[in-house]
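Undergrad: Here are the chains, one letter per residue:
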Amino acid sequence: MYVKTLSSRENILKKIKQALAKPVPLPFEETSESPAFFINEGELELQFAENFAALQGRFSFCSDEAELAQQLQTLFGTRQWKKLFVNEQNIRELFARQQIELPPGINLADCDASITSCECLIARTGSMLLSSAQTGRTSSVYAPVHICIAYTSQLVFDLKDGFELIKRKYPSGIPSLITFASGPSRTADIEKTLVTGVHGPKEVFCFLVEGR
Amino acid sequence: MTNFTATGKIMSGKTASTFIAKSTIKASNLDHRRKINFNIGKYNAVVPQGKTQFNDLMAVREHAKNTKWNAVEHLDVMLETFEKNISARGAKVIWAETAEDALKEIGKICKEKNCKTIVKSKSMVTEEIHLNKFLEKQGIESIETDLGEYIQQLDNEPPYHIVTPAMHKSKEDIAKLFAEKLNVPDGLSPQQLTLIAREKLRKKYTEAEIGITGANFIIADTGSISVTENEGNGRLSSGFPKTHIVITGIEKVLPSINDLALFLPLLATFGTGQKLTVYNTIISGPRQKNEIDGPEEMYVILLDNGRTNLLANDKAREALYCIRCGACLNACPVYKNIGGHSYGTTYSGPIGSVITPQLRNLKEWKHLSYASSLCGNCTEVCPVRINLHELLLENRHESVVEGDSPVSERVAWKMWKVASLNRSMMNMANGNLKNKVVNTMFKAWTKHRADLDFSQKTFNQMWKEERGKNS
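Going down the list, the protein sequences come from chains A and B. Throughout, our numbering is defined as the position within the first sequence, counted from one, plus 35. Throughout, our numbering is defined as the position within the second sequence, counted from one, plus 777.
Hint data in this document are derived by calculation from the structure and do not stem from the laboratory. Just so it is clear, the structure is predicted and the values come from calculations on it, not from any experiment. C-beta: ideal position from N, C-alpha, C; glycine also. Some hints here could point you the wrong way.
Negatives, chain B to chain A, calculated, CB over 12 Å [said to hold, decoys possible]:
hint, residue
1, ASP833
2, GLU905
3, MET944
4, ARG1064
5, LEU1080
6, LEU1088
7, TYR1098
8, ASN1114
9, VAL1195
10, ASN1204
11, ASN1207
12, THR1223
13, LYS1224
BS3-like, lysine-lysine: derived pairs with alpha carbons at most 27 Å apart [as the list claims (entries may be wrong)]:
hint, chain 1, residue 1, chain 2, residue 2
14, B, LYS890, B, LYS861
15, B, LYS861, B, LYS1092
16, A, LYS237, B, LYS890
17, A, LYS237, B, LYS980
18, B, LYS1092, A, LYS52
19, A, LYS57, B, LYS1092
20, B, LYS1241, B, LYS1220
21, B, LYS799, B, LYS910
22, B, LYS881, A, LYS227
23, B, LYS890, B, LYS1066
24, B, LYS958, A, LYS227
25, B, LYS893, B, LYS948
26, A, LYS57, B, LYS799
27, B, LYS881, B, LYS893
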């Protein structure tokens, strides 16, 4: 069954090796190994808040978990969100600690909002780095609203720092999926008109809690 | 002088004449031009904002080209490393020499999984191998989930642009299309139309047996593929179905996951003017143990389909560095006038004109290399600094060397050379005679232009007269 595949592999590699027998020179010899691509200006909290808000993300700062709980309760109350989807143990524990009620048996498919943590926050781009090992692949993208709870200790400057963090945290192999999520799902496929909430969440919240 | 041949003399064969016919019609279609200028105008307005994120953009672009050079010069090692690493994570890597090979392998997987429905995210490689047509013949419903591609699929048209598939349609056109095909009221707004697509597709993600995505990058050192998108359909297509198939060209390799820290923002800025697109997803295998969701199986199909021809051509090899951002299409005066569909190729615009003759067949597709004013704007805007306009010239050169130019043109140029190297012959003819000879000899030139009007006096005469006056 795989005979054909095997020979395709060999044929392609053979063609590549033959072609590369004639090398081409490095295009830009003077360019340094890795120039400073991006400049880190200002506090990470501030950079993240500005960049995330510019993407229509809803940012909130909380000085501790008690304030987080208060802000969440207010949000759930004003929006009348009852069907909250949580699949992470640490978020369940946080909610239990702060006595926020989580109704049982909520499906991702018909929830009001999904609440997750994240691996880290990227200040420069206003992105959350999410992983399949932590939140799974679907919970942060299928719900109409995504709420992410993060701590100030999780802030890093750039994507590069995010990759390093992941490799450090998972030395025996990175999660099968990581994604940099930057604000609500959007499209500009119709006359380049910006519309949010295409297939992913229409609203994305980030509650940044001081500490940990 | 190069442009003497620009409009058709060298173009022979059916593919070329179709191209010219379509281009001629589109170029005079003012409605088409209005829509394209509107869209590209919006693109041009945001790209400078995206560029401000880079400290030194030129250094970044040079570094990016060097990085792709390194990847492509070691392509065999890169692909083997990728294969080893992603296989260790439980994914299966399949090598396909041609489109037919790739389709056969996909067909086999579909049969094995008893697949009825596929959700697929945007991928130009799947356009290249005509995947949807193949799946349709197997009785499998393959749904385009990217909004632009969904619109194009509803209209039964290929994508018009590699990044913005429905760029040539106004919102009114799309509202009308939705009304006709989806039984919704006419005249809906972009917001309402988007919401309809969301509702229609939401269930499909959870029902489909297989999800198909492309890959913007293949990462050797971690054994990963990277998908860049804004809508979330790529994440959903690789999140819910039990089987995930990735189809990608072999040239998409980057040596390290760390390279994405530059290439993701670079692709976003040059593709859509963003700092980073909304979702950049890096997938390294199917669901691992201790993970709560994700596909049970993942296949990665590595497609050659002519790419090794480009690799073997040491001049054109750098065309493999392309990251498919579409910047050269948006910058091209020819693209803006004749539109994406006139090319008749999967990859349109300058990059398409460079690679299609090499990927497919120089003789049949060489005419695309002449559809250029050689203004060099494509080279100017390319994030990885591919010398696009020089490669177009290179294609022209190759086709002439291979004897693909018509006899009449070769004779004409030979006469031109003899005459212009011979002063007394030049002096013999007055302007009227030159006009007659040139305007009849190079018919292709005068087809879309006014006749050339030579001076009545020869240069030699004028030189003598001027000199005589001064001395």
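Undergrad: Work down the list of hints and note, for each, if the structure agrees.
TA: Verification of the hints:
A beta-carbon of chain A is positioned within 12 Å of the beta-carbon of ASP833/B; the least distance is around 6 Å. With a least beta-carbon separation of about 16 Å from chain A, GLU905/B lies farther than 12 Å from that chain, consistent with its non-interface assignment. Not every Cβ of chain A is farther than 12 Å from the Cβ of MET944/B; the closest lies at roughly 8 Å, contradicting the non-interface assignment. Separation of ARG1064/B from chain A is inadequate, the least Cβ-Cβ distance of about 6 Å not exceeding the 12 Å criterion.
Remark: the non-interface label on LEU1080/B conflicts with the geometry, its nearest Cβ contact in chain A lying 9 Å away (cut-off 12 Å). Its closest Cβ contact with chain A, about 4 Å, brings LEU1088/B to no more than 12 Å, contrary to its assignment away from the interface. For TYR1098/B, the requirement that its beta carbon stay farther than 12 Å from each beta carbon of chain A is not met, with the minimum near 9 Å. At the 12 Å boundary, the C-beta of ASN1114/B stays outside the reach of chain A, the nearest C-beta of that chain being 19 Å off.
Non-interface call for VAL1195/B relative to chain A: holds, since the shortest CB-CB distance, roughly 37 Å, exceeds 12 Å. Distance check on ASN1204/B: its Cβ is at least 47 Å (rounded) from any Cβ of chain A, clearing the 12 Å threshold; non-interface status holds. Every C-beta of chain A lies more than 12 Å from that of ASN1207/B, the closest at about 50 Å, which supports listing it as non-interface. Distance to chain A confirms THR1223/B as a non-interface residue, since its nearest Cβ pair spans about 39 Å, more than 12 Å.
LYS1224/B, annotated as away from the interface, keeps every beta carbon of chain A farther than 12 Å; the closest lies near 35 Å. At roughly 25 Å between alpha-carbon atoms, LYS890/B and LYS861/B fall within 27 Å of each other, so this suggested pair holds. Under the criterion of a C-alpha separation no larger than 27 Å, the hint pairing LYS861/B with LYS1092/B is inconsistent with the structure, at around 31 Å. With a CA separation close to 33 Å, the supplied pair LYS237/A and LYS890/B exceeds the 27 Å bound.
At roughly 17 Å between alpha-carbon atoms, LYS237/A and LYS980/B fall within 27 Å of each other, so this suggested pair holds. The straight-line distance between the Cα atoms of LYS1092/B and LYS52/A is roughly 17 Å, inside the 27 Å bound, and the hint therefore holds. Using a Cα cut-off of 27 Å, the hinted pair LYS57/A and LYS1092/B holds, with the two alpha carbons roughly 11 Å apart. Of the pairs offered as hints, the one joining LYS1241/B and LYS1220/B is violated, with about 32 Å between alpha carbons and a cut-off of 27 Å exceeded.
For the proposed pair LYS799/B and LYS910/B, the alpha carbon gap of about 23 Å is at most 27 Å, so the pair holds. Restraint check: the Cα-Cα separation between LYS881/B and LYS227/A comes to about 37 Å, which exceeds 27 Å; the hinted pair is violated. Between the alpha carbons of LYS890/B and LYS1066/B the distance comes to roughly 22 Å, so the proposed pair stays at or under 27 Å and holds. Distance hint between LYS958/B and LYS227/A is fulfilled; the C-alpha atoms sit about 22 Å from each other, no more than 27 Å.
Note on LYS893/B and LYS948/B: the hinted pairing is violated, with a Cα-Cα distance of about 32 Å set against a maximum of 27 Å. Straight-line distance between C-alpha atoms of LYS57/A and LYS799/B comes to about 39 Å, which puts the hinted pair past the 27 Å bound. Restraint check for LYS881/B and LYS893/B: the C-alpha separation of about 17 Å stays at or below 27 Å, so the hint holds.
Of the numbered hints stated above, those contradicted by the structure are hints 1, 3, 4, 5, 6, 7, 15, 16, 20, 22, 25 and 26, listed in ascending order.
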